[in-house]
Amino acid sequence: MGKNFFSTRRGIIAVGAIIGILAALLQKLGNPGNMGICVACFERDIAGALGFHRASVVQYMRPEIIGFVIGSFAAAYGFKEFKPRCGSAPMVRFVLGIFAMIGALVFLGCPWRAVLRLAGGDWNAIVGLLGLASGIYIGVLFLKNGYNLGRSQSTHAGAGWIFPLIMVGFLVLMLIYPQVDGENKSGVLFYSLKGPGFMHAPILISLLVSLGIGFIAQRSRFCTMGALRDLILFGQTHLLSGFLALVVFALTTNVILGQFHPGFANQPVAHTVHMWNFLGMALAGLAFALAGGCPGRQLFLAGEGDSDAAVFVMGMIVGAGFAHNFGLASSPKGVGPHGIAAVVVGFAVCLFIGFTMRKKLSV
Amino acid sequence: MSKIIDARGLSCPQPVLMTLDEIKSGTDNEIQVIVDNEASKENVTRAAKSKGCTIKEITNDGDESKINILKG
Chain A
1 MGKNFFSTRR GIIAVGAIIG ILAALLQKLG NPGNMGICVA CFERDIAGAL GFHRASVVQY
61 MRPEIIGFVI GSFAAAYGFK EFKPRCGSAP MVRFVLGIFA MIGALVFLGC PWRAVLRLAG
121 GDWNAIVGLL GLASGIYIGV LFLKNGYNLG RSQSTHAGAG WIFPLIMVGF LVLMLIYPQV
181 DGENKSGVLF YSLKGPGFMH APILISLLVS LGIGFIAQRS RFCTMGALRD LILFGQTHLL
241 SGFLALVVFA LTTNVILGQF HPGFANQPVA HTVHMWNFLG MALAGLAFAL AGGCPGRQLF
301 LAGEGDSDAA VFVMGMIVGA GFAHNFGLAS SPKGVGPHGI AAVVVGFAVC LFIGFTMRKK
361 LSV
Chain B
364 MSKIIDARGL SCPQPVLMTL DEIKSGTDNE IQVIVDNEAS KENVTRAAKS KGCTIKEITN
424 DGDESKINIL KG
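For the record, the sequence lines run as chains A and B.
For the first sequence, counting from 1, position 57 maps to 57 in my numbering; every step adds exactly one.
Numbers in my numbering are just positions in the second sequence, counted from 1, shifted up by 363.
One or more hints might be untrue.
As the list claims (entries may be wrong) - Sample of chain B residues facing chain A (criterion: CB under 7 Å; computed from the structure): (1) GLY372; (2) LEU373; (3) SER374; (4) GLN377; (5) THR390; (6) GLU401; (7) ALA402; (8) GLU405.
Derived by calculation from the structure, the hints in this document are not laboratory data.
What you are looking at is a predicted structure, and each value in this text was computed from that prediction instead of being measured.
C-beta: ideal position from N, C-alpha, C; glycine also.
Could you build all of it, start to finish, from the sequences and the hints given here?
As structure tokens, this is what we get:
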């Protein structure tokens, strides 16, 4: 097999640049402000579309998530990297997914959205990114002390197909029960009539763009958490260069499209409570570091047959249910009534996992 | 005789951590890392080169790859 261009330095920079440009364009075409792509927010919207929570402003079966998984699946098959595997502490990954989502929703965005918020001029994102780096730093301390989730096992091809097939199922549901003007429900699916869940680019464009991103992200191993982790852990800047390219190209595209509005106050789907922007993202960063990938990377891994990554994604979707049913998620007005308690519990759970899962691997 | 690191079934960053630990503190001049996915192969190779090591040979056998590293 020839050299994988996307795994080179130029390749990862190209991938970051393409994601940055396309994310800004998706916002122009209808996705919410500074949310051209947000893996956590979009999984939360999917949880809403399925009725796992009933926050009426964030319910939409986001095609971007579906496209990411199917695009990665196609790339993995095309390049003979589809590898069905499972069994590396799935329940721990599920719980990490729950608290990763809760932390992300206290901040209002995953690492992808944090950089897109920055690229849109939302300076609260700087606080969030500092929190993200701090959470990842704690995760790195655990990694240096032998933390790991154990080995996965090869399994039947069917096991690797399950998650991509769930995504196909979601897409089919969306086609059977499309959005109806003025209706908050179509068949079994919920749709928002206002708010971020109402704002979306045309389905076909979202799907095509995300299929492409899923494809190149699988080839390049693009990961926002890994970008900071590898810098802190090894001093490596490979993934970081893709991450930075995303910021630069999203920023440039935003300026060109008139989507750059610098400031702290009145930013779209954001609040200015600095302490909880920081700590929410720190919790998310720690959970992503302990689980071995940012929410996007988990989708791409799930697409290439990694059932454990798929379990993490399901944890995030369930976490979105908890976040909105229990009043943990923030809103532009500030943190939710129980958001602070949830972050404290989340840190306790992540520290428990970090301290207890340290079996030395025999080489 | 080379030191063998079995990183099969492990995902990043473990294979890289194990390799760098061995480069730093191991006594053998040659290290063989066994991985079972492309991402780990790329990461281990990249990390070893960044530490001034030479990749002597990479042999692929089905899903598995054996990366032979010579310490720099």
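Hints the structure violates: just list their numbers, smallest first.
Violated hint (a single one): 5; every other hint is consistent with the structure.
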